[in-house]
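Letter by letter, the chains look like this.
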Amino acid sequence: MAQTVSAAQLVARCRNGDQEAWAALVERFSRYVYAIATQGFRLREHDAEDVFQEVFTKVYQRLDSLRSDEAFQPWIAQLTRHVCVDRLRSGSREETTDETELAADPDEDALARIDEALDVHDAMAGLPENCREILDRFFARDETYRTIGEALELPAGTIASRISRCLVKLRDELDGRKPVPTQSGGQVSV
Amino acid sequence: MSASNEDRLADLIGALPPAPEAWVRAAQELPLARTEIDAIVARAETDAEFRQALIADLEATLAQEGYEPERPLLDALRWRFADS
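Residue numbers (the working numbering), protein chains in the order written: chain W, 1 to 190; chain H, 1001 to 1084.
Some hints could be false.
[As the list claims (entries may be wrong)] If we take Cβ atoms under 7 angstroms as the criterion, some of the chain W residues that face chain H in the derived model are:
| # | residue |
| --- | --- |
| 1 | Tyr-34 |
| 2 | Ala-35 |
| 3 | Arg-113 |
| 4 | Thr-147 |
| 5 | Leu-167 |
[Stated by the list, open to error] Sample of chain W residues facing chain H (criterion: CB under 7 angstroms; computed from the structure):
| # | residue |
| --- | --- |
| 6 | Arg-31 |
| 7 | Phe-52 |
| 8 | Leu-111 |
| 9 | Glu-116 |
| 10 | Val-120 |
Just so you know, these hints were derived from the structure itself, not from any lab. Where a beta carbon is used, it is the ideal one built from N, C-alpha and C, also for glycine.
Model the full structure from these sequences, guided by the hints.
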């Protein structure tokens, strides 16, 4: 999950036929696309799988039409939304007992949270690997202390304190990325 | 980034669980399928009968022609011929 190369750099390499870059780009945005489909649009698993594959197929085939490599994230987000909407229009959607929900638009709060979550996951790339691993296993993969301890060869009793320390590091990493005010009141990115 | 405390961070980490490995692998293999896709599309552009067969039953036609009718090949071709 380490991300030492920017998405824009990966996109540029993909355009030159770099298959490793493509694999890395898919890896980088796989959770994002999956979350938009399953949380933002509440698609069933098999519909989400179709959307997932269609999105990456279109990304692969349309990469040359992307105007700015820096705009990859909003581009793939928009593409995923469109594919999800098309999927819903074609008739398949998670059953729910709430009729109003059947006709509802995507969950915009969930989509906003997913965007925020992507920023957090990007920031995790700046952490030591052991921190990335332990945070991802516990919070994103829902693994138990025992499973994590066995996988990382750590005493289960130390997992909670490690998670806590890693969260503090992550917070510091994010604080370091926040824009800071300039003297004129504007903002610059650091 | 508005996360101001560890609980919020934990929640946001959990908001992006991994996609199923098989899905990710299939998408990563798209470049490998590219040669086959290009060959099939090129033939469909010159062979109307083949094109109609693909549109009528993609999987069966591909299997008949000796291709493995699996993702990501199927997805790419379905999308390519979707407007036909």
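Tested hints:
Nearest Cβ of chain H to the Cβ of Tyr-34(W): about 4 angstroms, under the 7 angstroms cut. The hint holds. Given hint, Ala-35(W) at the interface with chain H, holds; its Cβ is 5 angstroms from that chain's nearest Cβ, closer than 7 angstroms. The criterion of a C-beta within 7 angstroms of any C-beta in chain H is met by Arg-113(W), whose closest approach is roughly 6 angstroms, and the hint holds. A cut of 7 angstroms between beta carbons decides the hint on Thr-147(W): the least distance to chain H is about 15 angstroms, and the hint is violated.
Checking Leu-167(W) against chain H: minimum C-beta separation of about 4 angstroms stays under 7 angstroms; hint holds. The criterion of a C-beta within 7 angstroms of any C-beta in chain H is met by Arg-31(W), whose closest approach is roughly 4 angstroms, and the hint holds. Hint status for Phe-52(W): holds, given a least beta-carbon distance of 5 angstroms to chain H, under 7 angstroms. The criterion of a C-beta within 7 angstroms of any C-beta in chain H is not met by Leu-111(W), whose closest approach is roughly 11 angstroms, and the hint is violated.
Given hint, Glu-116(W) at the interface with chain H, holds; its Cβ is 6 angstroms from that chain's nearest Cβ, closer than 7 angstroms. At about 4 angstroms, the closest approach between the beta carbon of Val-120(W) and any beta carbon in chain H falls short of 7 angstroms, and the interface hint on this residue holds.
The structure fails to meet hints 4 and 8 from the earlier list, while all remaining hints are met.
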